[in-house]
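Engineer: Protein chains in written order, with numbering that gives the first Met the number 0: chain A, 0 to 366; chain B, 0 to 370.
Honestly, the hints are just simulated from the structure, not real lab data.
Nothing false has been slipped in among the hints.
Derived list of chain B stretches under chain A, where covered just means 3 residues or more per stretch with a C-beta under 8 Å from a C-beta of chain A:
id: 1; segment: 186–195
id: 2; segment: 209–221
id: 3; segment: 235–243
id: 4; segment: 274–285
Partial list, derived from the structure: chain A residues whose beta carbon lies under 8 Å from chain B:
id: 5; residue: S160
id: 6; residue: D190
id: 7; residue: A195
id: 8; residue: Q196
id: 9; residue: H217
id: 10; residue: L278
Every residue, glycine too, gets a C-beta built ideally from N, C-alpha and C.
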Amino acid sequence: MTGTDVLVEVRDLKVHFPIKRGVLFDRTIGHVKAVDGVDLRIPRGQTYGLVGESGCGKSTLGRALLQLTPPTTGEVNFDGVELTTLPAGKLRAMRRRMQMIFQDPMSSLDPRQNVESILTEGLHTHGIGGNRDERRKIIAETLDKVGLPRWALSRYPHEFSGGQRQRIGIARALVLGPELIVADEPVSALDVSIQAQVINLLDELQDSLGLTYLVIAHDLAVVRHISDIVGVMYLGGLVEEAPSDRLYTEPLHPYTRALMSAVPVPDPDVEDRRERILLAGDLPSPANPPSGCRFHTRCPWAQPTRCADERPVLREVGESRVACHFAEQIASGELRPHQVQVQIVRPEGEGEEPDVVSAPSEPGSFV
Amino acid sequence: MALLEVDDLSVTFARRGQRAVRAVDGVSFSVDAGEVVGLVGESGCGKSVTSLAIMGLLPKQPGLRVGGKAVFDGSDLLQLDDRSRRDIRGRDIAMIFQDPLSSLNPVIPIGLQVTEVLTRHRGMRGDAAAKEAAQLLDRVGIPDPKRRLKEYPHQLSGGMRQRALIAMAVACQPRLLIADEPTTALDVTIQAQILELLKDLVRDSGTALVMITHDLGVVAGMCDSINVLYGGRVVETARRRPLFREPRHPYTVGLLGSVPRLDAGRGERLNPIPGSVRDLLPWPDGCAFAPRCTRRVDACVGEPPQLVLAHDGRSYRCVNPAPVPGLRPTEEIRETVPGEAEPGTVPAQAVPGDAPAVPGLGPAPSEEETP
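All chains, full assembly: derive it from the sequences and hints.
Structural biologist: Written as structure tokens, this is what we have:
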């Protein structure tokens with residue numbers, strides 16, 4: 000990946016959220032390590048796909064990249080400008096060049112603003128278009144790009160279907176002429192037939208406008224479809240990064256393998272033939288991540304040495320970067336998977352052990 | 000005789016001052032013992048309402064009308080009174096819902112919620128019930144079940160909650176299990192665990208399973224036969240392999256074409272279905288899918304398309320189905336069933352107050368078209 004024109008470079012980015020407790024004094028009793036040391040580069044004009052399960056920190060990473068959530072430490076370099084140390088005014092001006100598309104088109108659009116007002120707001124803020132007519136022209140062009148009719152301007156978000164609302168969200172991002180678009184789960188709230196329309200639209204826009212995307216999604220098939228490079232996240236860190244095709248044909252990290260094998264494919268022949276790698280248990284709490292390799296508690300290939308006490312760093316294996324001590328041995332079949340005991344995991348913020356419950360002893364007597 | 004025989008089921012919600020919504024409009028399917036049947040469709044196609052109607056869980060309100068038959072083991076579920084329905088529910092037919100957190104009671108420990116079923120239907124009490132509950136939790140793969148029994152739903156993770164819900168559903172070894180989007184709220188790795196668990200339960204106990212989902216991938220791996228729903232009607236029924244290999248109804252073709260696949264290359268264009276689920280024609284005026292259909296012909300509008308029964312239990316509701324290589328259109332048809340529809344109602348997906356799409360106007364939408 001060296002030598003290509005890099006638009007965004009992220010170095011050792013960390014976002015830690017404090018866990019507070021106490022009535023009078025807010026004591027910080029720990030941190031949720033949502034993003035814990037991520038390095039990545041997004042080449043100009045390409046799509047970087049970020050996948051992972053809920054709670055792995057992929058959305059936080061996207062927001063931290065745009066400085067919507069201030070990073071704890073680390074650097075975010077956008078086209079040669081360091082964003083983390085940029086004063087607020089300059090950062091705002093930079094935001095014109097990096098926009099975001101949100102997951103739920105209904106809650107990310109103001110129900111009391113009509114489409115014209117939604118689209119003009121950004122133009123006003125950044126002083127684009129001298130007068131009303133010029134702004135109208137820009138907006139009309141943007142509507143054409145996303146395939147919305149002109150009469151949409153005077154309508155309100157509730158008058159549109161889900162797919163059309165997402166098009167409004169895309170138009171809002173596009174109207175400022177950005178270079179980078181961070182799309183956080185852009186299609187997961189949409190029906191299957193509408194998903195395809197929006198995915199195609201994102202593809203076309205990239206071709207015609209030369210946009211760079213960071214697409215965050217939990218659906219591997221969607222990410223595979225639109226990304227050039229895919230990064231897989233687990234518990235706040237990247238575990239593998241590879242060109243899209245390579246990641247899918249030769250996943251190296253055990254977690255990537257398990258993810259791939261878990262995605263259902265709409266083809267009975269494929270479904271019947273394939274081997275599933277079933278992961279035991281759930282994602283551990285990011286407030287108290289396992290030592291060493293974060294994945295070793297669920298990893299079917301975990302070894303008694305190194306995995307539990309040494310955190311693997313991303314290293315290059317072929318064209319991929321992978322954070323696993325034993326990636327080569329697993330790929331060659333030298334190491335075999337074994338059974339994993341399920342470890343109980345509590346939902347976030349519920350770290351304490353359950354007390355003895357003062358439940359009525361007779362079933363049914365609680366009514 | 001099938002275990003569950005749903006015949007011409009219809010559910011209508013009357014609304015004051017508006018046209019009645021026909022959420023389910025003559026749905027028929029059957030489930031044999033030990034069989035896994037899928038109901039597939041997008042939001043608003045009536046798949047969940049179908050399951051709620053069969054279970055008798057629809058809210059009793061003046062505007063509700065349920066018609067047709069749902070014969071389970073010789074008795075029509077829709078005609079039963081509440082008392083005998085409650086006897087069947089949980090014992091012979093059980094249901095698993097989509098969101099485990101909102102279908103578990105947050106202020107009652109898991110154990111009590113599981114033993115409640117055992118007490119009601121199997122008359123177990125005290126230690127015996129607790130022991131059985133622990134065994135059930137163990138069976139669905141919850142570690143340390145004795146301690147889990149005393150915990151509340153919020154103390155379990157999403158996957159564990161869904162497992163607890165499944166434990167409650169299988170507590171009385173029901174003969175029929177209805178799973179309404181059982182994995183939609185879960186991550187893929189957890190989804191794989193739950194699907195594997197359901198498969199094991201079906202295989203080990205011979206329980207029949209009705210799987211309601213929008214995910215064609217889930218269906219491809221689980222179901223023996225599949226019903227595709229659109230606008231409240233079954234538009235295509237087929238066994239698993241024929242459906243994916245040779246889909247006949249244009250909607251099924253469109254659904255399969257619009258799903259990005261893990262084993263396809265980067266940048267292959269998807270073939271979305273033009274328009275949105277709200278662009279539909281009420282069934283009495285023709286085929287509900289006609290406004291979005293790329294194979295639309297003049298015969299699609301005017302009257303509802305007949306149900307065409309083909310070989311191998313296949314059927315589809317289309318006058319111009321997608322061709323199958325090596326098969327002349329007239330050869331396969333065995334019988335047709337005229338599609339009747341009640342005038343004056345609209346399917347659930349239609350926008351209330353919107354004028355229906357003008358039928359018969361304009362050429363069929365091309366695949367490039369966007370709304």
